[in-house]
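Top line first, the protein sequences correspond to chains H and G.
Per the working numbering, residue 170 is the first one in the first sequence, and the count goes up by one each step.
Per the working numbering, residue 170 is the first one in the second sequence, and the count goes up by one each step.
Bear in mind the hints are in silico, worked out from the structure with no lab data behind them.
Every value quoted in this text rests on a predicted model; they were computed, and no experiment measured them.
Possibly wrong hints are sitting among the right ones.
Derived, one-sided and incomplete: chain G residues facing chain H with beta-carbon distance under 7 Å [to be verified]:
no., residue
1, 309
2, 310
3, 311
4, 378
5, 405
6, 409
7, 410
8, 413
9, 433
10, 437
11, 458
12, 459
13, 460
14, 461
15, 462
16, 491
Examples of chain H residues lying across from chain G (beta carbon under 7 Å, computed) [stated by the list, open to error]:
no., residue
17, 228
18, 231
19, 292
20, 370
21, 371
22, 373
23, 374
24, 378
25, 412
26, 490
Here are the computed distance ranges between Cβ atoms for each label pair [as the list claims (entries may be wrong)]:
no., chain 1, residue 1, chain 2, residue 2, range
27, G, 476, H, 511, 31 to 41 Å
28, H, 444, G, 502, 38 to 48 Å
29, H, 286, G, 441, 37 to 47 Å
30, G, 432, H, 317, 49 to 59 Å
31, H, 454, G, 462, 56 to 66 Å
32, H, 195, G, 490, 54 to 64 Å
Glycine residues also receive a C-beta, built at the ideal position from the N, C-alpha and C atoms.
Protein chains: 2
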Amino acid sequence: MFTPGDAARTTHWHPPYLLYLGNAIDDLAIKTARGLAHWRPESCVGQYRGPDCVPTLGLRDMDWNQAKAEGADTMVIGTANAGGVMGPQIVADAIAALDAGLNVVAGLHQKLHDNPGIVAAAQRNGRALFDARTPMGGIAVGNGRRRSGRRLLTVGTDCSVGKMYTTLAIERSLRERGCKADFRATGQTGIFIAGAGIPVDAVVADFISGAAETISPARLDGGWDLIEGQGSLFHPSYAGVSLGLLHGAQPDALVLCHEPGRQHMRGLPGYALPELARCLEANLEAARLTNPDVKAIGVALNTSGLPADQAQATCREVADLLGLPCQDPVTMGVEAIVDHLLSCFAN
Amino acid sequence: MFTPGDAARTTHWHPPYLLYLGNAIDDLAIKTARGLAHWRPESCVGQYRGPDCVPTLGLRDMDWNQAKAEGADTMVIGTANAGGVMGPQIVADAIAALDAGLNVVAGLHQKLHDNPGIVAAAQRNGRALFDARTPMGGIAVGNGRRRSGRRLLTVGTDCSVGKMYTTLAIERSLRERGCKADFRATGQTGIFIAGAGIPVDAVVADFISGAAETISPARLDGGWDLIEGQGSLFHPSYAGVSLGLLHGAQPDALVLCHEPGRQHMRGLPGYALPELARCLEANLEAARLTNPDVKAIGVALNTSGLPADQAQATCREVADLLGLPCQDPVTMGVEAIVDHLLSCFAN
């Protein structure tokens, strides 16, 4: 029997989770853990905070033995730091978690599997290690063949404008309406949330579109694959990833994501953000290569930098400009966007 | 002192070369060796052909000891086969070459460095091994900052339409005219010919544009970096590589490469080739992100599938259509294209 979830399951660890915050110094450092706690609260039994940890997720504090006793299966190292380094404290804590009987998953650049002490602890306890940033092997080169099923991809004017959040919000809305829908993760945090996926920015360049094809295989159940976008066609550092993902995703529907007021492309002060209409048209034009029938179905704005009344006004302006529903998924939800999606693909 | 050649020298082996053809069954299997023999004949002392080898490069046949006696420094495994596999005969011959005192370089998917017997032979003989398909470490993410120097990039309607050949022909023409010009290799054969370069299709996806920036660093000597293009913005499997390369190359000049009469995109029977004008405009539009002043300066056609009179007529038609000089670099040279390049960038 066809199970799209399994076909896309390229990594696999299991809830319930203990979220490891270590000695994080600020909220940014626990962004990944926060995403998991927000989108999969039922999967998170608690948090582990080191003695110098500043932020909190508001979950119950517990150590490894308590987490194990509460039924936790896996400790998620959901912290980020400069360079993705796995410092000595993280190593020691990972070993302690393994010794307490937990599996461990991490998304740092430095790999659990490259640390002999961690590998030895996993072996002596019969526990599993997962490096979420290591792409699976055996991804094929993209073939561009039209495949069945419906796919939505979020695209952006820039990096970090809310593509993952928007995609997950659409999954939740579709599921609440009784539609089959599966979030397909392409980045670290998304992979933690989905428990599966491929970090497309970490695959070998020749395999970007192949990776997108792999995580959203043909489906015959009438449901939607909702594919997390990455980067932007207009980001000079990462546009190749965005284009390969766009071609491989073969999307039927695009949602454009944007943060009003951003002064320049992320990390590149010399580069202005593209105009919304131009950015959307460039994405549609490129997407037509593998799906000539692609449609734009909505715009998601991150208005966190605007006063509430201005946020509403900005959404109305953008909706008028592009002729599409426009909402901030965090403060306004995505119902108008999902309404339009379903009306565009009613048959 | 600034030496652009050194800055881009990411791998380094040295002529003179013995070209290893092994037991190649046809001309396609020795395409890489043929490229090297064609573009760097002064660097090739001879060829080694196994007992079952069918094709020849027309070089003198010799074994490893003869090659060493004739001054060869390095054996180049310039064969290709399905899957890039390094079979037992290649392994045995690589070891024999090392034992005869040659260094060995190969561009197969399977690596010399992953074969314990080859590594041991290199160690006991104090010889070096180079895997041309392994990207250097330490490539940074592309930063998109405008850099000095002039750069030309070949772009294509498809894969394998003559981008490398065209780029090398332009290098030769510019050098014959007394201009400083350096071919910058981005693929396996080009890297063999240049003795340096980065296989951009083999880098991690986030680093495509960074790799292009690395191989064509800022230069202040008034010379040209001539960057070998890869793939096509219109190839569903590889367009991400092409876009990242286009952004990172920051080209001042584009040359469009095309093979008239090709029935579909390489490897993808369902995909027609893009129209020339549309393909060129899409490349210019994308290139403007990192260099708003980019210009198209010529078209290179591979007319090997056409009768000679039709080839000339086709070039005239394309020249009229696009308003650019159009030549087949193999049969007509690239002088009209280089004339136009120099007139466009006279100051």
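Quick rundown of the hints versus the structure:
Taken as an interface hint, residue 309/G does not check out: its beta carbon lies about 9 Å from the nearest beta carbon of chain H, beyond 7 Å. Nearest Cβ of chain H to the Cβ of residue 310/G: about 5 Å, under the 7 Å cut. The hint holds. Because the smallest distance between the Cβ of residue 311/G and any Cβ of chain H comes to about 4 Å, under 7 Å, the interface hint for this residue holds. Annotation: interface hint on residue 378/G holds; nearest CB of chain H at approximately 6 Å, less than 7 Å.
This hint holds: residue 405/G has a C-beta 3 Å from the nearest C-beta of chain H, less than the 7 Å allowed. Interface hint status for residue 409/G: upheld, as the beta-carbon distance to the closest one in chain H is roughly 3 Å, under 7 Å. Taken as an interface hint, residue 410/G checks out: its beta carbon lies about 5 Å from the nearest beta carbon of chain H, inside 7 Å. For residue 413/G, the shortest C-beta to C-beta distance to chain H is roughly 3 Å, which falls under 7 Å, so the interface hint holds.
The criterion of a C-beta within 7 Å of any C-beta in chain H is not met by residue 433/G, whose closest approach is roughly 11 Å, and the hint is violated. At its closest, the beta carbon of residue 437/G sits 5 Å from a beta carbon of chain H; the interface hint therefore holds under the 7 Å criterion. Annotation: residue 458/G was flagged as interfacial toward chain H, and the flag holds, the nearest CB pair being 6 Å apart, inside 7 Å. With a cut of 7 Å, the hint placing residue 459/G at the interface with chain H holds, because the nearest CB-to-CB distance is about 5 Å.
Annotation: residue 460/G was flagged as interfacial toward chain H, and the flag is violated, the nearest CB pair being 10 Å apart, outside 7 Å. Because the closest C-beta pair between residue 461/G and chain H is about 11 Å apart, greater than 7 Å, the hint is violated. Interface hint at residue 462/G: violated, since its Cβ lies 15 Å from the closest Cβ of chain H, which is beyond the 7 Å cut-off. The restraint placing residue 491/G at the interface with chain H is violated, with a minimum CB-CB distance near 20 Å, outside the 7 Å limit.
With a least beta-carbon distance of about 32 Å to chain G, the hint placing residue 228/H at the interface is violated under the 7 Å criterion. A hinted interface residue such as residue 231/H counts as satisfied when its beta carbon comes closer than 7 Å to some beta carbon of chain G; here the least separation is about 35 Å, so the hint is violated. Given the 7 Å rule on beta carbons, the hint for residue 292/H is violated: about 24 Å separates it from the nearest Cβ of chain G. Restraint check, residue 370/H versus chain G: the minimum CB separation of about 4 Å is within 7 Å; hint holds.
Given the 7 Å rule on beta carbons, the hint for residue 371/H holds: about 6 Å separates it from the nearest Cβ of chain G. Satisfaction of the interface hint for residue 373/H is found here, the shortest Cβ-Cβ separation to chain G being roughly 6 Å, below the 7 Å cut-off. For the restraint placing residue 374/H at the interface with chain G, the shortest Cβ-Cβ distance is roughly 5 Å, inside the 7 Å limit, so the hint holds. A distance limit of 7 Å between C-beta atoms decides the matter here; for residue 378/H the minimum to chain G is near 6 Å, and the interface restraint holds.
Below 7 Å, beta-carbon pairs count as interface contacts, and residue 412/H has one with chain G at about 5 Å; its hint therefore holds. Restraint check, residue 490/H versus chain G: the minimum CB separation of about 21 Å is more than 7 Å; hint violated. A hinted range of 31 to 41 Å for the beta carbons of residue 476/G and residue 511/H is inconsistent with their spacing of about 56 Å. Evaluation of the 38 to 48 Å hint for residue 444/H and residue 502/G yields a pass: the beta carbon distance comes to about 43 Å.
Remark: the range hint 37 to 47 Å for residue 286/H to residue 441/G is contradicted by a beta-carbon distance near 56 Å. A beta carbon spacing of about 26 Å between residue 432/G and residue 317/H contradicts the range 49 to 59 Å that was offered as a hint. In this structure, residue 454/H and residue 462/G break the distance hint of 56 to 66 Å, their C-beta atoms being roughly 23 Å apart. Here the CB-CB span from residue 195/H to residue 490/G is close to 58 Å, well matched to the stated 54 to 64 Å.
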